[in-house]
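Place chain B on chain A using the hints.
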Amino acid sequence: MSHSHKLVIKRSSMSRPPPPPPTTNKDQQHQNPSLQEINIKLIQSGEKERLKELLRERLLECGWIDEMKTLCRAFTRKKGRNNVTVDDLVHVISPKGRASVPNSVKAELLQRIRAFLASTAD
Amino acid sequence: MSGPNEDNNTQLSSHIFGDLLDSIIVDVASECHRIAKLGLDRNLEEEEEEMRLSAQARARVADPSNSSETNTKYVVDIFGQTHPSVATEIFECMNCGRSIAAGRFAPHLEKCMGKGRKARLKVTRSSTAAQNRYSRGSPVSTYSPYSNSTSTNRLSNGTPSVAGEEYSNGTYEEPWNKT
Chain A
1 MSHSHKLVIK RSSMSRPPPP PPTTNKDQQH QNPSLQEINI KLIQSGEKER
51 LKELLRERLL ECGWIDEMKT LCRAFTRKKG RNNVTVDDLV HVISPKGRAS
101 VPNSVKAELL QRIRAFLAST AD
Chain B
1001 MSGPNEDNNT QLSSHIFGDL LDSIIVDVAS ECHRIAKLGL DRNLEEEEEE
1051 MRLSAQARAR VADPSNSSET NTKYVVDIFG QTHPSVATEI FECMNCGRSI
1101 AAGRFAPHLE KCMGKGRKAR LKVTRSSTAA QNRYSRGSPV STYSPYSNST
1151 STNRLSNGTP SVAGEEYSNG TYEEPWNKT
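Quick mapping for you: the protein sequence lines, in order, are chains A and B. With this note's numbering, letter number 1 in the first sequence gets 1, and the count goes up by one each step, no holes. With this note's numbering, letter number 176 in the second sequence gets 1176, and the count goes up by one each step, no holes.
Chain A on its own, in the form it takes in the complex (with noise of 0.2 Å):
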């Protein structure tokens, strides 16, 4: 969905739905509608930082975080401390960051998730 900003003058109208809200992320253009709008009130709710620590801590506990700092590690060893960029450690780490996440860590991010959904639900 484009945002074409149409410059509509309507006198009396109160029914002008408003405009779309401003976006950097190029993401959002492609997402339906609601998935912006659950996203802005995480935002402004705070929840979506605190999901994120909490993710944050639980992906420490389980050595997680350290399993990837390795590979990091690895990776800067072969390719040479100079020539490493973060898009390079990005990718190094994200297939196999994203697979390792434990089943418990990631059932209680999703419960929380669903819950908060559940309570902003129109």
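The set of hints was computed from the structure by calculation and includes no laboratory data. Hints may be right or wrong, so weigh each one.
What the hints assert, rightly or not - Derived contacts from chain A toward chain B, CB cut-off under 10 Å, selection only: (1) Phe75; (2) Val84; (3) Thr85; (4) Val86.
The beta-carbon is built from N, C-alpha and C at its ideal position, and this holds for glycine as well.
Same frame as chain A, but now just chain B:
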């Protein structure tokens, strides 16, 4: 089966979870990138080595094959007790907060507190100020069992020779704690 709303919710949740995970992945990658560029992982390797040696020392002591009859390294004191060659009590390093075996404590402190070349590079101006403060006053001596003067010299000018003599055998003993 649940209605379409439930499936939508599940899909939504997974998507949100994926977002959070990606965000954390980027954070971790960014941090590792920083560590790599700043060369901080050199120190990390030393610490890993220390932890390994620490664990090794503990394992060697706990190993039942190191019994007092067979191992000639074990000396017997006047009470007939044997002491393991590497002290095994675990302490917490007051500088970095890590758990270190007593027998590895001195070498660890050397690296941690600034006798070693690498550790001294780590030290910033503010922490040398802190160290100088400690060396001038009477040290709350959990880590300077011998004469105060030599240990203060060690802290303030960091010459390797002084430290080497004190801890050449790698063991750390607190004389007033012996029972």
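Here's how the hints hold up against the structure:
Given hint, Phe75/A at the interface with chain B, holds; its Cβ is 9 Å from that chain's nearest Cβ, closer than 10 Å. Hint status for Val84/A relative to chain B: holds, with the closest Cβ pair at about 6 Å, below 10 Å. The beta carbon of Thr85/A comes within 7 Å of a beta carbon in chain B, closer than 10 Å, and the hint placing it at the interface holds. Nearest Cβ of chain B to the Cβ of Val86/A: about 5 Å, under the 10 Å cut. The hint holds.
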